[in-house]
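There are 2 protein chains.
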Amino acid sequence: MKSDIEISQATSLTPITEIAEKINLSFDDLELHGKYKAKIEFDALDRMKKNPEGKLILVTSINPTPAGEGKSTITIGLGDALNKIGKKTVIALREPSLGPVMGIKGGATGGGYAQVLPMEDINLHFTGDMHAITTANNALSALLDNHIHQGNELNIDARRVIWKRVVDLNDRELRHITVGLGGPINGVPREDGFDITVASEIMAILCLATDINDLKRRLSNIVVAYTFEREPVTVGDLKIEGALALVLKDAIKPNLVQTIYQTPAFVHGGPFANIAHGCNSILATRAALHSGDYVVTEAGFGADLGGEKFLDIKVPSLGKAPDAVVIVATIRALKMHGGVAKTDLSAENLTALKNGFSNLAKHIRNMRKYGLPVVVAINQFISDTDKEIELLKELCANEDVKVELASVWEKGPDGGIDLANTLVETIATEENNFHSIFSRDHDDLNEKVETIVREIYGGSDVVYSKKALQQLASFKKYGWDRLPVCMAKTQYSLSDDPTKLGAPSDFDVTIREFVPKIGAGFIVALTGDVMTMPGLPKKPAALNMDVDEKGNAIGLF
Amino acid sequence: MKSDIEISQATSLTPITEIAEKINLSFDDLELHGKYKAKIEFDALDRMKKNPEGKLILVTSINPTPAGEGKSTITIGLGDALNKIGKKTVIALREPSLGPVMGIKGGATGGGYAQVLPMEDINLHFTGDMHAITTANNALSALLDNHIHQGNELNIDARRVIWKRVVDLNDRELRHITVGLGGPINGVPREDGFDITVASEIMAILCLATDINDLKRRLSNIVVAYTFEREPVTVGDLKIEGALALVLKDAIKPNLVQTIYQTPAFVHGGPFANIAHGCNSILATRAALHSGDYVVTEAGFGADLGGEKFLDIKVPSLGKAPDAVVIVATIRALKMHGGVAKTDLSAENLTALKNGFSNLAKHIRNMRKYGLPVVVAINQFISDTDKEIELLKELCANEDVKVELASVWEKGPDGGIDLANTLVETIATEENNFHSIFSRDHDDLNEKVETIVREIYGGSDVVYSKKALQQLASFKKYGWDRLPVCMAKTQYSLSDDPTKLGAPSDFDVTIREFVPKIGAGFIVALTGDVMTMPGLPKKPAALNMDVDEKGNAIGLF
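Sequence lines, in order, name chains A and B. Residue 268 in UniProt numbering is what sits at position 268 of the first sequence, and the numbering runs on without skipping anything. Residue 530 in UniProt numbering is what sits at position 530 of the second sequence, and the numbering runs on without skipping anything.
Hints were generated in silico from the structure; no laboratory data involved. Each residue gets a CB set at the ideal place from its N, CA and C atoms; glycine is no exception. Among the hints, a few may not be true.
Said to hold, decoys possible - To give an idea of the interface, some chain B residues facing chain A are shown, with a C-beta separation under 7 Å as derived from the structure:
(1) Ile-85
(2) Arg-172
(3) Leu-181
Said to hold, decoys possible - Coverage of chain B stretches by chain A, computed from C-beta distances (three or more under 8 Å per stretch; other residues unrestricted):
(4) 30 to 39
(5) 144 to 157
(6) 206 to 217
(7) 232 to 245
(8) 439 to 449
As the list claims (entries may be wrong) - Using 16 Å as the maximum straight-line C-alpha spacing, the simulated EDC-like pairs for lysine to aspartate or glutamate come out as follows:
(9) Lys-35/B / Glu-31/A
(10) Lys-550/A / Asp-214/B
(11) Lys-35/A / Glu-53/A
(12) Lys-550/A / Glu-229/B
(13) Lys-538/B / Glu-31/A
(14) Lys-35/B / Asp-28/A
Isolated chain A (complex conformation) (with noise of 0.2 Å):
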């Protein structure tokens, strides 16, 4: 069996100017990196938008567990499908961090004969977005330390600076520090700490501005820090918003690569959808809206977190809702959702697939809340027994929904036909009904926190912290107390306990802190235990990475 990058390397590419072709861009249109990756000039994005709008199918997934599900696999290849029976089709997907990618998880291209390659680029420095984003930020903290430290016009409190700093890394030694330490030259000492970069406000950003005025409008409202008077400090009052939307030029021009098959695909921005908001860039989404008849893009972890997020925080931007959702599941994560250890999902245990249903089953129904028409899809696997594949059918029709298995993995385009023909019947016929879960504009931040729990994660009740209490006062003053909330919560678990499988109930959820990203324009809320810097693993992937003389990569995965 073919290693994932074997298969990318065997692969002979197109160049990227006839992949442009196909959605109509000609070379004018195109930044090049390399011959086959390109950024998108904003005049062609600007054309683009006269273009008819495509279909959107949004692809979610169950709770991850260790036993991987496989969503970026399923959304690549269902891409490849709807091209191979006809249907015109662009993908649009998130960028990888190279914190996972050097830590445990490795890339996030998909995998087998449903990647978007190169698939080494993309997951090492790709066109520089990443690197573009953790400049701005941490340029910002530069500039902002400055300030304070130069005669500190603004009045800020050193004590209540809430900017961070980041790295596109895993680095736990960076959580929780103290900087400018060493006497009066060396700054102004006090505590600070690092986040991983996507889940800087930045990248927040620079997935949901719609051009280059609007991101430079959202830079400016970022708060970085209060003054000794309690009033935010933000970016505007610095007047450094010009410097970081410059920073931020070519970062915020959406990248155009290709999978196996040369479907066209737009990578562009990747917040994770734990600590972030968890999906692609408003401009990458429309410009492929604007090249295809059908799009298929997917949002991070479960539905509970980046499905949730989708329809509640992109949506409003992006100005247009799924046509139909894709949950993507594997019988073997439903049977550790059901309780069997990962040394024993190759047997068969239908009990285990059964209980471990639970929580594909809460996650249909919660993406029906919205009104929208949804499509499970199990990505098979060889240790899959018939008497498993006709029980998780018979647990689907008792939900009254679409199931198809698919074997993009193994067999590309042609394992994905049968779900490609249910997906353009579904949208053909299926109602369709987009409606937010709570009244965006009229809800506090507490009520519209309390309906997802209640109504997404099945939860009971919420406790909040007594700095969150705090600052849900503080955040009236401010008028803040009606923005959307982005919920930062583990991925495993549709509670905020990682161990809860399934889908548990008769939970709380703890609100630890709220974190104000007035740029990005919503309220981020620190659930349970759940960390804005990950940690490395005690062997991590980079240990197994190398490169030969001619610069080829060596063990990505």
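Chain B: place on chain A using the hints.
For chain B alone, coordinates are given in the frame of chain A:
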């Protein structure tokens, strides 16, 4: 008068593929980054080695002053002028760091009608080399701290970690920090600090490596910490040289751009010359040497720093010494070395010029100690008076050195014809007896330091701190005592005191600390108060930066 960025944006650039054709590189030899920047592929670099080797001109300068010298401007204008007089010439420069770009200095792409383009791209992210170096450096930190946190098999003494994190920004707040706070799940508490990326050993390694295997070998040799038994711990011990080389696999390829007058320019690698070795990459310089009959390159800051390091650190790896050295000065800067304040520089002052000439004279004599032909280039200003020019020529005649006025900033290549002709003649006729100023293999580290201080700086003696003396003893044990030295010293003075202008004498130089850079292959000697992380000024250049809605840069200079 047009600003640099206005001249840049008004220039109609030639596609980089056509610039590449001038030096016999085809489309397949290039990794395009947009239409006007490209990296050179490894196969092409290999093929180019068969071409004959051109003549090498090293451009260096007097100690810089706030009056500005224009070394990059002269380098670029000289390259354009050599092409204009019919000599096939290629330029090799360093790439800028965002620290000074956002801080005080502005970009590093020349000025007026002697610029490399596109200046805004080169000054911002360029082709991502700085970001790749930052990432490799910080991935090493994260993996090292993770090793200590996850059981510390190598028995590393966390108090003796010498590897620092980096950002490509001026951020004094990160000079002295504590990391790993917040309890056992958040790493191991210890003191730490950030350097600016250009001071990273990985930057030095990228600039000195001759291919990917050499890169990996050097990365493997980096000493990151000591064990509790005081034994050095290397990247090879951590088994991560493959992952770090993978992160750098594209950054190591030289970048090709063009001047306003379509001269091919390799811009690659950018260590500062005060806190690092100050020269562009070996791979880029070699590519240039195999592309043109003449190559014009520069080393950072004055001839005491970049010049000395080019000759003592870069030349042995490059395998070629310069055929001539150009020392750049301005009459204004010489007057500052003669005691005139910046505000009074426009007034004629022959006494100050004569006094300040001592700085230029010392650098002329120093470069001749290496057996090299020297030419002085005066970057002409409108305020230079006829009498001042006459005096300067007389002073140069006393030193028996050729001097030419150059006005490439105002006139482009036409302003550098005399300088170009003089260099062609000098290389053809003057003797070149290049030799080192010490015995590279036999002199001990302290002997090398003392030779540089006495012969190049003109100092009396070297004072070692207690720590430095302990290090000299321990380095013998590790076999590092005969490595080359890389002096870290203020750029503003020949001494280690930035206020001592002209040609000071009767001074001692203090060595505060040595920093082993075993992967780069040298030991850094920190003198005086020199810092490896700069700070921002009260009004950083970033405050003037902006971008318009089409993505055009505003306020870069």
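Cross-check of the supplied hints:
With its C-beta approaching chain A no nearer than about 35 Å, Ile-85/B sits outside the 7 Å limit, and its interface hint is violated. The criterion of a C-beta within 7 Å of any C-beta in chain A is met by Arg-172/B, whose closest approach is roughly 5 Å, and the hint holds. The restraint placing Leu-181/B at the interface with chain A holds, with a minimum CB-CB distance near 4 Å, inside the 7 Å limit. Interface restraint, the stretch 30 to 39 of chain B with chain A: holds (5 residues with C-beta to C-beta distance below 8 Å; minimum three).
Given as covered by chain A, the stretch 144 to 157 of chain B passes the check, having 5 residues with a CB less than 8 Å from a CB of that chain where 3 are the minimum. Judged by the Cβ-Cβ criterion of 8 Å, the stretch 206 to 217 of chain B is covered by chain A as claimed, because 4 of its residues qualify and three suffice. For the stretch 232 to 245 of chain B, the stated coverage by chain A holds: 5 residues have a C-beta nearer than 8 Å to a C-beta of that chain, and at least 3 were required. For the stretch 439 to 449 of chain B, the proposed coverage by chain A is not satisfied: 0 residues have a C-beta within less than 8 Å of a C-beta in that chain, short of the threshold of three.
As the CA atoms of Lys-35/B and Glu-31/A are separated by approximately 7 Å, the hinted pair is consistent with the 16 Å bound. Of the pairs offered as hints, the one joining Lys-550/A and Asp-214/B holds, with about 12 Å between alpha carbons and a cut-off of 16 Å not exceeded. For the suggested pair Lys-35/A and Glu-53/A, the alpha carbons sit about 28 Å apart, so the restraint of at most 16 Å is broken. For the suggested pair Lys-550/A and Glu-229/B, the alpha carbons sit about 39 Å apart, so the restraint of at most 16 Å is broken.
Taking the CA atoms of Lys-538/B and Glu-31/A, the gap is near 36 Å; set against the 16 Å cutoff, the hint is violated. Between Lys-35/B and Asp-28/A the alpha-carbon distance is near 9 Å, which keeps this suggested pair within the 16 Å criterion.
Of the numbered hints stated above, those contradicted by the structure are hints 1, 8, 11, 12 and 13, listed in ascending order.
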